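Chemist: Take a look at the letters that make up each chain.
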Amino acid sequence: MSRPLEDILFGNPSPQALALTRVVSVIAAAVLLLLAAGIVVRFHSAGQLDARFWEFFTWPTTWAFLAKGLLGTLASAAMAAVIALAFGLVLLVGRLARLRLVRWPSIALIEFLRGTPTLLLIYVCFLVLPQVGIKLSTYWMLTLPVAFSTAAVVAEVYRAGVLAVPRGQTDAARSLGLTEAQVFFHIVFPQALRYIVPALVAQLVIVVKDTTFGYVVTYGELMQNAKVIIANYHALVPVYLVVAALYCLVNYGISRASKRIGRPMH
Amino acid sequence: MSEVSRLLADYGPAFGQALLLTWKLTVMSFVPGFLLGTVVAVLRLFPLPPLRFVLTLYVEIFRNIPSVALLIFIVFALPDLNVLIDYEPSVILTLTLVCSAFTADYLRAGINTVAGGQVEAALSLGLRPMRVITAVVLPQALRAVVQPMTSLLIALMLSTSLASQVPFPGRELTALVSKIANDSAAGMAAFAVAAAMYVVTGLLIAWAGATLEKKVRILR
Chain A
0 MSRPLEDILF GNPSPQALAL TRVVSVIAAA VLLLLAAGIV VRFHSAGQLD ARFWEFFTWP
60 TTWAFLAKGL LGTLASAAMA AVIALAFGLV LLVGRLARLR LVRWPSIALI EFLRGTPTLL
120 LIYVCFLVLP QVGIKLSTYW MLTLPVAFST AAVVAEVYRA GVLAVPRGQT DAARSLGLTE
180 AQVFFHIVFP QALRYIVPAL VAQLVIVVKD TTFGYVVTYG ELMQNAKVII ANYHALVPVY
240 LVVAALYCLV NYGISRASKR IGRPMH
Chain B
0 MSEVSRLLAD YGPAFGQALL LTWKLTVMSF VPGFLLGTVV AVLRLFPLPP LRFVLTLYVE
60 IFRNIPSVAL LIFIVFALPD LNVLIDYEPS VILTLTLVCS AFTADYLRAG INTVAGGQVE
120 AALSLGLRPM RVITAVVLPQ ALRAVVQPMT SLLIALMLST SLASQVPFPG RELTALVSKI
180 ANDSAAGMAA FAVAAAMYVV TGLLIAWAGA TLEKKVRILR
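Taken in order, these protein sequences are the chains called A and B.
Here the first sequence stands for residues 0 to 265, where the numbers follow numbering that gives the first Met the number 0.
Here the second sequence stands for residues 0 to 219, where the numbers follow numbering that gives the first Met the number 0.
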């Protein structure tokens, strides 16, 4: 592995440059600290540091309620991810089919689900489907749209993986007398999966973000529960800050995991 | 079909305006987001540990926070800190911040594609580091990130739908659909029209991105 670019760029500084870097570093640190102090002062002068806005975070009930919301988020995200992985495979098989009658509708469905905002799909499940007599629970009103729009993206990720598998693998498997289905499910797809695991895990981050829309359908996930707490204590800033931090931590964890898995295996 | 034509007769101009607003929000958050992201990516190269630390924090926060959570914070929580931002600038600010974080991240990957030998060569020619960045590293890095930036632009265009979460004076596509679905029984037709507009916009961006990519890509 070669050196990172910035190390080459600033690798052997002259004594003056080194001194300059130190001075600028100190100035930058001072400015950033001042900025942070300014934010704290702003919080204080707006009264947002008052104990009444923060004391309920010392109560276990608050955290239990937030944890319940986080569980709701994760339950919806996990189900959406499972559906997306399975339905994405269906879309992929349709996308790769020889029969035009199967392939073109699959392409259309993928482009449609990929090209419309998840929020719009949620509104359809929430506002439009009841009009035609389909009633879903709030859990499914959130989970299904997220799952379907993710499935279309997952199908494209799968396809990239399948295309990356060397052609010789398919030819060899065919010449051994395997059927098309056997070639795909025993030879090509398992190898494709290895290429795309990092991309799939990264997709999980987007699923978790999308479940934030749960409050639109009043499903009890993290954002919705945060709104309930806010309604009780009128503490907008602290609660939203804590919730944002929770989301960041969960997603950062997933991203880190995907980077770790993404390291080459050999 | 007749439902769609009746809907377009009633709401045709509204759909046109909604589409234009969606485009406007997309452009107005992508351009500053892209520029800000480029600046962040370049500043992260400098050997200034405090700056690097803060910018890494910045990128990780805005990459991982759900855009809605950020928008709701800006619209509903910031007024408690005596920071009042109007609805439309709030949406644009949210999308700009998120876009800049992703841009900085993608550009970092693009910068990594530039061979170290080129930087060494440029330095040995007597170019200053800043000049090396602007003349050697950035142009190649930018050409390497056309594809991810196209995907980002499409994702950003779809994300403008979160403008429907704040009481906006104008309506973009998703807000218009939810209003029509609330007011009338034409929700399905409205959804079909809006979905078609989103998909076509996305395909146009993808096509433009692919054309640009073909033009500027570096064959190695």
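Calculated from the structure, these hints are not laboratory results.
Treat the hints loosely; a few may be bogus.
Claimed, not checked - Label pairs and their computed distance ranges (CB to CB):
#, chain 1, residue 1, chain 2, residue 2, range
1, B, L202, A, G132, 29 to 35 Å
2, A, A77, B, A154, 20 to 26 Å
3, A, I38, B, L202, 20 to 26 Å
4, B, V30, A, G252, 31 to 37 Å
5, B, A134, A, V81, 47 to 53 Å
6, A, W53, B, A154, 34 to 40 Å
7, A, A63, B, V30, 43 to 49 Å
This one's a predicted model, so the numbers in the text were calculated from it and none came from an experiment.
Don't be surprised by glycine CBs; every beta carbon is placed ideally from N, CA and C.
Chemist: Indicate, hint by hint, whether the structure satisfies it.
Modeler: Hints versus structure:
no., hint, result
1, L202/B to G132/A: 29 to 35 Å, "holds (33 Å)"
2, A77/A to A154/B: 20 to 26 Å, "holds (23 Å)"
3, I38/A to L202/B: 20 to 26 Å, "violated (43 Å)"
4, V30/B to G252/A: 31 to 37 Å, "holds (32 Å)"
5, A134/B to V81/A: 47 to 53 Å, "holds (49 Å)"
6, W53/A to A154/B: 34 to 40 Å, "holds (35 Å)"
7, A63/A to V30/B: 43 to 49 Å, "holds (45 Å)"
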